[in-house]
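Peer 1: Chain residues, written in single-letter form:
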Amino acid sequence: MYAPEFDYYRAGSVSEAAGLLRKHPGAKLLAGGQSLIPLLKLRLAAPAAVIDIGRIRDLKGITVKDGTIRIGAMTTHAELAASAELAETCPVLAQAAAGIGDPAVRNRGTIGGNVAHADPASDLPTVLVALEARLMAEGPDGKRTLDAGGFFQGLMTTALKEHEILTAIEIPAHPKGQSSAYAKFAHPASRYAVIGVAAVITASGGKCSSARVAVGGMVPRPVRASSVERALTGQELSAESIAKAAAQVTENLGNEVLGDIFASEQYRRSVASVWVKRALTQAVGRAK
Amino acid sequence: MKFPISVTLNGRRYQREVEPRQLLVHLIRDLGGVTGTKIGCDTSQCGACTVLLDGVAVKSCTALSVQVDGASITTIEGLAVDGQLHPLQEAFWNKHGLQCGYCTPGMILAAHELLRTNPQPSDEQIRHGLEGNMCRCTGYQNIVRAVREAAAMRRKG
Numbered sequence: 001m002y003a004p005e006f007d008y009y010r011a012g013s014v015s016e017a018a019g020l021l022r023k024h025p026g027a028k029l030l031a032g033g034q035s036l037i038p039l040l041k042l043r044l045a046a047p048a049a050v051i052d053i054g055r056i057r058d059l060k061g062i063t064v065k066d067g068t069i070r071i072g073a074m075t076t077h078a079e080l081a082a083s084a085e086l087a088e089t090c091p092v093l094a095q096a097a098a099g100i101g102d103p104a105v106r107n108r109g110t111i112g113g114n115v116a117h118a119d120p121a122s123d124l125p126t127v128l129v130a131l132e133a134r135l136m137a138e139g140p141d142g143k144r145t146l147d148a149g150g151f152f153q154g155l156m157t158t159a160l161k162e163h164e165i166l167t168a169i170e171i172p173a174h175p176k177g178q179s180s181a182y183a184k185f186a187h188p189a190s191r192y193a194v195i196g197v198a199a200v201i202t203a204s205g206g207k208c209s210s211a212r213v214a215v216g217g218m219v220p221r222p223v224r225a226s227s228v229e230r231a232l233t234g235q236e237l238s239a240e241s242i243a244k245a246a247a248q249v250t251e252n253l254g255n256e257v258l259g260d261i262f263a264s265e266q267y268r269r270s271v272a273s274v275w276v277k278r279a280l281t282q283a284v285g286r287a288k
Numbered sequence: 001m002k003f004p005i006s007v008t009l010n011g012r013r014y015q016r017e018v019e020p021r022q023l024l025v026h027l028i029r030d031l032g033g034v035t036g037t038k039i040g041c042d043t044s045q046c047g048a049c050t051v052l053l054d055g056v057a058v059k060s061c062t063a064l065s066v067q068v069d070g071a072s073i074t075t076i077e078g079l080a081v082d083g084q085l086h087p088l089q090e091a092f093w094n095k096h097g098l099q100c101g102y103c104t105p106g107m108i109l110a111a112h113e114l115l116r117t118n119p120q121p122s123d124e125q126i127r128h129g130l131e132g133n134m135c136r137c138t139g140y141q142n143i144v145r146a147v148r149e150a151a152a153m154r155r156k157g
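Sequence order for the protein chains is A and B.
FYI, in the numbering used here the residues of the first sequence are 1 to 288.
FYI, in the numbering used here the residues of the second sequence are 1 to 157.
A portion of the hints provided could be inaccurate.
As the list claims (entries may be wrong) - Here are some chain A residues the structure puts well away from chain B; computed CB gaps all over 12 Å:
1. S13
2. K60
3. L155
4. H163
5. K176
6. A243
7. G254
As the list claims (entries may be wrong) - One side only, chain A facing chain B, incomplete, derived with CB under 10 Å:
8. Y8
9. R10
10. L30
11. P38
12. S264
13. Y267
14. V271
For the record, the hints were derived by calculation from the structure and aren't laboratory data.
For glycine and all other residues, C-beta sits at the position ideal for the given N, C-alpha and C.
Take the sequences, apply the hints, and build the full model.
Peer 2: Pasting the structure below:
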């Protein structure tokens, strides 16, 4: 399959990419291409220009400093999955990255491209919402920081403005007693999340002192499962309290649960709590 | 618009002017009659188009030629050195890790990626590592045996 014709520009820096974006209205940014190239080939997108930001060195890499993890937007899923530092300071992100697509896709796909694309069936948006990540954007009006909670606005829609470029993601490293996990009901062919649940748990003396849970895959954008979080906070961390809290997830799913030929809306609603329970159980096991 | 690129394919350098929309798999197949790399699903799910890009496995149906400018590409034709089969090729032959053979180039390069990142995988890790590649003939049993044997050959050196 061939994409419609487009002009190609390669940016050597963020400012050069920003200039190219201004010069070519409607242009699309190309990172690893694992979402954009299929869209182009299926002719679901037909930009006149594509701006390649995949070679910008400043946008690559993971650093952990003073309790903050900073991830360049062009860091690949394979790099996230293989990072010993991330496995230690934020296991949910390494775990979710390791389950994206397949090894060859993970070698090309990037965290920035993934979250800016904002596919509801993707994994990392859900994880970043649970982590309360901060997303760094650069545009004509300078730099700004967006909260993951408000970044994902709906199907393939983010809070990024037309000429803004996502440059990095910052996440607080887990403090002592906190850990995290991701549980995914993966579509058997595409490996996309039919349901994906990210959980961040802080345990203290066997009790849950805080819980953050996000659900994706089944809704147009990741949602925080605040009922689950409330039900678990302050409780003894046991299989029983986890199951009881997980069952609350139906309260948070709203009216926009997605359904398709593989998994109907009703089915997804019915099994969501199972995946919440699995994510919680694993996160609690790591936090204790 | 045409964009100038230079790539090294199986050790040989090429310079071309390509359309930005050209896919890597087409570039490879059009350069010097090297057609071992297959187009299967064309949607980055089946793995038939897997090649090594600077030594790392990628799906060449989901990369643009312009993206790989300056890179070194290895296809199935580039694995054997001086007519000496790569241990993975040898093992796929010995264990008959194929039937029709269409998935084999991609399967071998995906297995190459697996052994690069995990030189001594368990059977479960082999199956997991090859999940981006589909074979509609073998039921995967002999493919797993072949990868296991290639890992053992490597262990022996």
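Peer 1: A closest beta-carbon separation below 10 Å is what the hint needs, so does V271 of chain A meet it against chain B?
Peer 2: Status violated, d = 22 Å.
Peer 1: Classify the hint on R10 of chain A as holds or violated, based on whether any CB of chain B lies nearer than 10 Å to its CB.
Peer 2: holds (8 Å)
Peer 1: For the hint on Y8 of chain A, just tell me whether its beta-carbon gets within less than 10 Å of chain B.
Peer 2: holds (3 Å)
Peer 1: Far enough from chain B: is every CB of that chain over 12 Å from the CB of L155 of chain A?
Peer 2: About 20 Å separates L155 of chain A from the closest Cβ of chain B, which puts it past 12 Å; holds.
Peer 1: Against chain B, is L30 of chain A within 10 Å by beta-carbon distance?
Peer 2: Since chain B brings a Cβ to about 7 Å from L30 of chain A, closer than 10 Å, the hint holds.
Peer 1: Can the hint on P38 of chain A be confirmed by a CB-to-CB distance to chain B that is less than 10 Å?
Peer 2: Interface hint status for P38 of chain A: holds (6 Å vs cutoff 10 Å).
Peer 1: Is K176 of chain A truly not at the interface, in the sense that its beta carbon sits beyond 12 Å from all beta carbons of chain B?
Peer 2: holds (31 Å)
Peer 1: Taking the closest Cβ pair, is Y267 of chain A under 10 Å from chain B?
Peer 2: Violated: closest Cβ of chain B sits about 23 Å from Y267 of chain A, beyond 10 Å.
Peer 1: Would you check whether the claim that A243 of chain A is not at the interface survives, using Cβ distances to chain B and the 12 Å cut-off?
Peer 2: holds (28 Å)
Peer 1: When the nearest CB of chain B is found for S264 of chain A, is that gap smaller than 10 Å?
Peer 2: violated (23 Å)
Peer 1: Please check whether the beta-carbon of K60 of chain A is more than 12 Å away from every beta-carbon in chain B.
Peer 2: The claim holds: K60 of chain A sits with its nearest Cβ about 14 Å from chain B, beyond 12 Å.
Peer 1: Is it the case that G254 of chain A keeps its Cβ farther than 12 Å from each residue Cβ in chain B?
Peer 2: holds (31 Å)
Hints 12, 13, 14 from the list above are not met by this structure, while the remaining hints are.
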